[in-house]
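*Asks:* Using the sequences and the accompanying hints, generate a full structural model.
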Amino acid sequence: MNFFGSMTKLEAVNVSPLVLAYVGDAVHSLIVREQLVHQHDFKAGRMHQLASSQVNAHSQSEMAERLLPLLTEEEHDVFMRGRNAKNHHVAKNQTLADYRMATGMEAVIGYLYLIGESDRIIQLLGELQ
Numbered sequence: 438m439n440f441f442g443s444m445t446k447l448e449a450v451n452v453s454p455l456v457l458a459y460v461g462d463a464v465h466s467l468i469v470r471e472q473l474v475h476q477h478d479f480k481a482g483r484m485h486q487l488a489s490s491q492v493n494a495h496s497q498s499e500m501a502e503r504l505l506p507l508l509t510e511e512e513h514d515v516f517m518r519g520r521n522a523k524n525h526h527v528a529k530n531q532t533l534a535d536y537r538m539a540t541g542m543e544a545v546i547g548y549l550y551l552i553g554e555s556d557r558i559i560q561l562l563g564e565l566q
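Using the numbering used here, the first residue of the sequence shown is number 438, and each one after it goes up by one.
Rather than coming from a laboratory, the hints here were simulated on the basis of the structure.
For each residue, glycine too, the CB sits at the ideal point set by N, CA and C.
Incorrect hints may appear among the rest.
[Said to hold, decoys possible] The following label-pair restraints were derived from C-beta to C-beta distances:
id : residue 1 : residue 2 : range
1  : Gly482    : Asn451    : 33 to 41 Å
2  : Ser489    : Thr445    : 31 to 39 Å
3  : Phe479    : Asn451    : 37 to 45 Å
*Replies:* Right, here's the structure in full:
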């Protein structure tokens, strides 16, 4: 079974935006964790704290604000679908506005992952450095 880039754009755009966000959250978390491994020699607990400070609704909302102007029209459409998706769960200690923005950004990352656009994910996340 092929995982990375296993969908066409048409197939991926028809995936629920909350499912795209689910995938995007995992991909973003993995990228952050890999970066931390390259940058630090800490114990796992400390690495988890550092990763959690970057992969949470508030941080991802800030990330979305910075990346929105860089999104293509297609990516922006995916972002809006994710942001506007009806989700009855909000993480504790997070605002609804942050959670919605984060969901939109996660949906974009999930979409790009599913269509095999890893270079675009890295390009966008690299803009945050």
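*Asks:* Taking the beta carbons of phenylalanine 479 and asparagine 451, is their distance inside 37 to 45 Å?
*Replies:* Cβ of phenylalanine 479 to Cβ of asparagine 451: about 41 Å, so the range 37 to 45 Å holds.
*Asks:* Take the C-beta atom of serine 489 and the C-beta atom of threonine 445, compute their distance, and say whether it sits inside 31 to 39 Å.
*Replies:* 34 Å, holds
*Asks:* In this structure, is the beta-carbon distance linking glycine 482 and asparagine 451 contained in 33 to 41 Å?
*Replies:* Holds, since glycine 482 and asparagine 451 (Cβ atoms, about 40 Å apart) stay within the stated range.
When the structure is compared with the earlier hints, no violation turns up for any of them.
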